[in-house]
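**Student:** In order, the protein sequences belong to chains X and Y.
The working numbering numbers the first residue of the first sequence as 1 and each following residue consecutively.
The working numbering numbers the first residue of the second sequence as 1 and each following residue consecutively.
Be aware that one or more of the hints could be misleading.
Beta-carbon label-pair distances, calculated as ranges [what the hints assert, rightly or not]:
#1 Pro129/X x Ile482/Y: 43 to 49 Å
#2 Glu80/X x Glu136/Y: 50 to 56 Å
#3 Glu475/Y x Gly164/X: 46 to 52 Å
#4 Asp442/Y x Asn99/X: 49 to 55 Å
In silico lysine-lysine, DSS-like type, Cα no more than 30 Å apart, as pairs [what the hints assert, rightly or not]:
#5 Lys316/Y x Lys563/Y
#6 Lys150/Y x Lys96/X
#7 Lys150/Y x Lys28/Y
#8 Lys84/Y x Lys158/X
#9 Lys188/Y x Lys158/X
#10 Lys28/Y x Lys375/Y
#11 Lys66/Y x Lys297/Y
#12 Lys54/Y x Lys95/X
#13 Lys411/Y x Lys122/X
#14 Lys197/Y x Lys375/Y
#15 Lys158/X x Lys54/Y
#16 Lys134/Y x Lys375/Y
#17 Lys134/Y x Lys150/Y
#18 Lys411/Y x Lys158/X
Which stretches of chain Y does chain X cover? Using the computed rule of at least three CB atoms under 8 Å from a CB of chain X, they are [stated by the list, open to error]:
#19 99-107
#20 351-359
#21 529-535
Please keep in mind that the hints were generated in silico from the structure rather than gathered at the bench.
Just so you know, these numbers come straight off a predicted model, no measurement behind them.
A virtual CB, placed ideally from N, CA and C, is assigned to each residue, including glycine.
So you can see what is in the structure, the chains are spelled out below.
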Amino acid sequence: MKTRREILQGLIVSIGGGSLLNSCGGIAKVALPSEDAAQFYNEEETAWVARISDFIIPRTETPGALDVNVPRFLDGLMAEWANSETQENHRRGIKKIQNQLGKGYLTLSEEGARDLLEDLDKSAFEGRPSEYSEYRSLKSLITQAYFASEDGALLERKWVAVPGRWDPRVEI
Amino acid sequence: MTDFDAIVVGSGMSGGWSAKELCERGLKVLVLERGPEIKPERDYVDQLPPWEQKNLDRISQEEIDKHYFKQYPGVAYAVKESNKHFWVKDDEHPYETVKGTSYDWLRGYHTAGRSIMWSRQSYRMGPQDFTANKEEGIAIDWPVRYDEIKPWYDYVEQFVGVAGNRDGLPQLPDGVYQPGFELTDAEKFFKAKVESKFSGRNVIQARVAHLTDATDEQRELGRTNCQARNRCHFGCAFKAYFSSLHATLPAAERTGNMTIVHNAIVQTLEYDAETKKVTGVRIVDADTNEHRFYSSKVVFLNASAIASAMILLQSKSETFPDGLANSSDQVGRNLMDHVSGAGANGFISGFENQKVFGRRPGGIYIPRYANITEKDKPYTRGFGYQGSASPLGNAGGQIAGIGREFKEAHKSPGPWRISIGAFGEQLPNPNNRVTLHPNKTDKWGNPVALFDVNYGKNEHIMLEEARKDAVAMLESAGCTDINSNPVNLTVPGNRIHEMGSARMGSDPNNSVLNKWCQAHDVPNLFLTDGAFMTSAACQNPSISYMAFTARACDHAVKLMQEKVI
Numbered sequence: 001m002k003t004r005r006e007i008l009q010g011l012i013v014s015i016g017g018g019s020l021l022n023s024c025g026g027i028a029k030v031a032l033p034s035e036d037a038a039q040f041y042n043e044e045e046t047a048w049v050a051r052i053s054d055f056i057i058p059r060t061e062t063p064g065a066l067d068v069n070v071p072r073f074l075d076g077l078m079a080e081w082a083n084s085e086t087q088e089n090h091r092r093g094i095k096k097i098q099n100q101l102g103k104g105y106l107t108l109s110e111e112g113a114r115d116l117l118e119d120l121d122k123s124a125f126e127g128r129p130s131e132y133s134e135y136r137s138l139k140s141l142i143t144q145a146y147f148a149s150e151d152g153a154l155l156e157r158k159w160v161a162v163p164g165r166w167d168p169r170v171e172i
Numbered sequence: 001m002t003d004f005d006a007i008v009v010g011s012g013m014s015g016g017w018s019a020k021e022l023c024e025r026g027l028k029v030l031v032l033e034r035g036p037e038i039k040p041e042r043d044y045v046d047q048l049p050p051w052e053q054k055n056l057d058r059i060s061q062e063e064i065d066k067h068y069f070k071q072y073p074g075v076a077y078a079v080k081e082s083n084k085h086f087w088v089k090d091d092e093h094p095y096e097t098v099k100g101t102s103y104d105w106l107r108g109y110h111t112a113g114r115s116i117m118w119s120r121q122s123y124r125m126g127p128q129d130f131t132a133n134k135e136e137g138i139a140i141d142w143p144v145r146y147d148e149i150k151p152w153y154d155y156v157e158q159f160v161g162v163a164g165n166r167d168g169l170p171q172l173p174d175g176v177y178q179p180g181f182e183l184t185d186a187e188k189f190f191k192a193k194v195e196s197k198f199s200g201r202n203v204i205q206a207r208v209a210h211l212t213d214a215t216d217e218q219r220e221l222g223r224t225n226c227q228a229r230n231r232c233h234f235g236c237a238f239k240a241y242f243s244s245l246h247a248t249l250p251a252a253e254r255t256g257n258m259t260i261v262h263n264a265i266v267q268t269l270e271y272d273a274e275t276k277k278v279t280g281v282r283i284v285d286a287d288t289n290e291h292r293f294y295s296s297k298v299v300f301l302n303a304s305a306i307a308s309a310m311i312l313l314q315s316k317s318e319t320f321p322d323g324l325a326n327s328s329d330q331v332g333r334n335l336m337d338h339v340s341g342a343g344a345n346g347f348i349s350g351f352e353n354q355k356v357f358g359r360r361p362g363g364i365y366i367p368r369y370a371n372i373t374e375k376d377k378p379y380t381r382g383f384g385y386q387g388s389a390s391p392l393g394n395a396g397g398q399i400a401g402i403g404r405e406f407k408e409a410h411k412s413p414g415p416w417r418i419s420i421g422a423f424g425e426q427l428p429n430p431n432n433r434v435t436l437h438p439n440k441t442d443k444w445g446n447p448v449a450l451f452d453v454n455y456g457k458n459e460h461i462m463l464e465e466a467r468k469d470a471v472a473m474l475e476s477a478g479c480t481d482i483n484s485n486p487v488n489l490t491v492p493g494n495r496i497h498e499m500g501s502a503r504m505g506s507d508p509n510n511s512v513l514n515k516w517c518q519a520h521d522v523p524n525l526f527l528t529d530g531a532f533m534t535s536a537a538c539q540n541p542s543i544s545y546m547a548f549t550a551r552a553c554d555h556a557v558k559l560m561q562e563k564v565i
């Protein structure tokens, strides 16, 4: 398994974020197949979505959001599924989250960045104020994308394709 | 000499039964299906795992706007990217509504029609449903009583395979059932609370057309038991739920008596004024635009309540200037559906140490009690509730937290939530109707449907009461965070139970069909889809269409043998 750092690099580079990475750490490029080329997110957006996804669903004993390439999945979702209105809203939403987390967010230390997101998450779910709806919406998409992935479904969620029976009572 | 003994128009829920019953009685049968062929091994997508579903299985928003602007909003829970080929494209199959009204005509044009996508709830009508019109002086009396149709329910259920419990309720008669899907403990708790607080109300297992103990007959047709996958709207490789494609059409096929022709859109029935019979059907080929005529001794219309009425309205002749078999002027009228839009949900506690295994096809059902065991209602008729109590799960990501804890929270079943929603009876009203649009046609030159359907006062009052009742029942079980949105009646047609457009009755002056689903005006013409329904009851109707179809076929063949038709 690649390190999380390698995945993050590869991902951002694969959708055109090489210069951004270089500017904030000088990390070598990792080539990915061309069919993974960016379709919707620009490099900055990709970097943001990648970092947030990684904090929300990190790699533990099972793969995390970056391992299953959630940012690329959302990129495709926005490019193929969303209409222009949804695309604009999504883009505006990311911008709002960027403002809420602060301009230097991507260059913050791992710990500092995670703490900041944790605070944002708290604010977003305490009473669910509307000013954080964009964050809640992005978090929902990240989570849905993760659990729709093969690893997310099989390893983490223990999804069974053919249960074969119905048991209304399983003690846990 | 005719081309066939019988022509069956439509291969869906009831058409499949017509084909089976007529073929098994030795008739040479032509089944006409207006859409393309569905082959399970090619067209089913039930085995597609989540990670092979494109874009969370969402149809692109542009495509929805272009092709599925009625189907998708109407059935968003079932119309997905992977199975969109089961639903019609609205731009190719347009219809119109009278100004100020709306209608959801939700369809699948292909082999087996909507029997591929149905929700499989299978409840008999009860004795009260056949007498209510007469007792209340509403519309006309049914020419049939429960006892007459009971053996036919037995007959079709045995073949279909319905999982359910025999609950002994007179208003929702027990049938021939395979083992049901056991209630969750939360549902059993809810049942106990509701039944003790509200005498005369019952919470029972949903009765669903799924095999749980397949018979030899069902196995011979290649069907096996339900695997609790809940992928039914995508087809079923196990053929565990009933559809024409899994059961009736294969049964018809194996007799060697069935011919099925796809892409054949029936435009008119040909009528012979001398013999006073239909002689055959005229079709247009959906692909080639070629026109063809097929002759037969008897015709069964199973095109669905709306389409069958439209075929009659299109079949004008000197004898029937207003449409075939329409001397009563009732064809297209009394169009009914069921009405939803009232219910409640809430959390039910005490079950946090439990989860479930498997994904069952149905949950709980609360049979109608209004005006049966409780008589003090400000409305007539009633409603049943469908619902379930199950772990909410967290996979939507809508809980607080990030990181390991958030990720692992999804392993927990989450709180248990109970949800119930009403399905109410819509009263027959001759002003609720479908007619042929005076000047708009589809791409084959057929007049498009024009709907004019409104709910009446009774439906509005009833659903308001259904909402209050739902909240009260959840309260009786100690549910918390009870959420019950203001009543918002579903658009007519949205429950996909359209019926009543050629009602049966004893008097040819005010009904289209007799008690055998046989046209009063045209003795070799039968309509056995939802068109015959004289009132709607509140139960999901498919199993009733099946029972009436089997009975009508038996009768038609007897009349043919006796040379009456």
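**Student:** Now, for every hint given, state plainly whether the structure supports it.
**Tutor:** Now for the hints, and whether the structure bears them out:
1. Pro129/X x Ile482/Y: 43 to 49 Å: violated (23 Å)
2. Glu80/X x Glu136/Y: 50 to 56 Å: holds (54 Å)
3. Glu475/Y x Gly164/X: 46 to 52 Å: violated (37 Å)
4. Asp442/Y x Asn99/X: 49 to 55 Å: Taking Cβ atoms as reference, Asp442/Y and Asn99/X lie about 51 Å apart, which means the hint holds.
5. Lys316/Y x Lys563/Y: Within the cut-off at roughly 27 Å; holds.
6. Lys150/Y x Lys96/X: It is violated: about 63 Å lies between the C-alpha atoms, which goes past 30 Å.
7. Lys150/Y x Lys28/Y: holds (28 Å)
8. Lys84/Y x Lys158/X: holds (28 Å)
9. Lys188/Y x Lys158/X: holds (27 Å)
10. Lys28/Y x Lys375/Y: violated (51 Å)
11. Lys66/Y x Lys297/Y: violated (42 Å)
12. Lys54/Y x Lys95/X: With Cα atoms ~26 Å apart, Lys54/Y and Lys95/X stay inside 30 Å; holds.
13. Lys411/Y x Lys122/X: With Cα atoms ~21 Å apart, Lys411/Y and Lys122/X stay inside 30 Å; holds.
14. Lys197/Y x Lys375/Y: Satisfied, since the Cα-Cα distance of roughly 17 Å is no more than 30 Å.
15. Lys158/X x Lys54/Y: With Cα atoms ~21 Å apart, Lys158/X and Lys54/Y stay inside 30 Å; holds.
16. Lys134/Y x Lys375/Y: holds (18 Å)
17. Lys134/Y x Lys150/Y: The given pair, whose Cα atoms are some 20 Å apart, holds under the 30 Å limit.
18. Lys411/Y x Lys158/X: Holds, at about 8 Å.
19. 99-107: Since 0 is below three, the answer is violated.
20. 351-359: holds (count 7)
21. 529-535: violated (count 0)
Hints 1, 3, 6, 10, 11, 19, 21, counting from the list given before, are not met by this structure.
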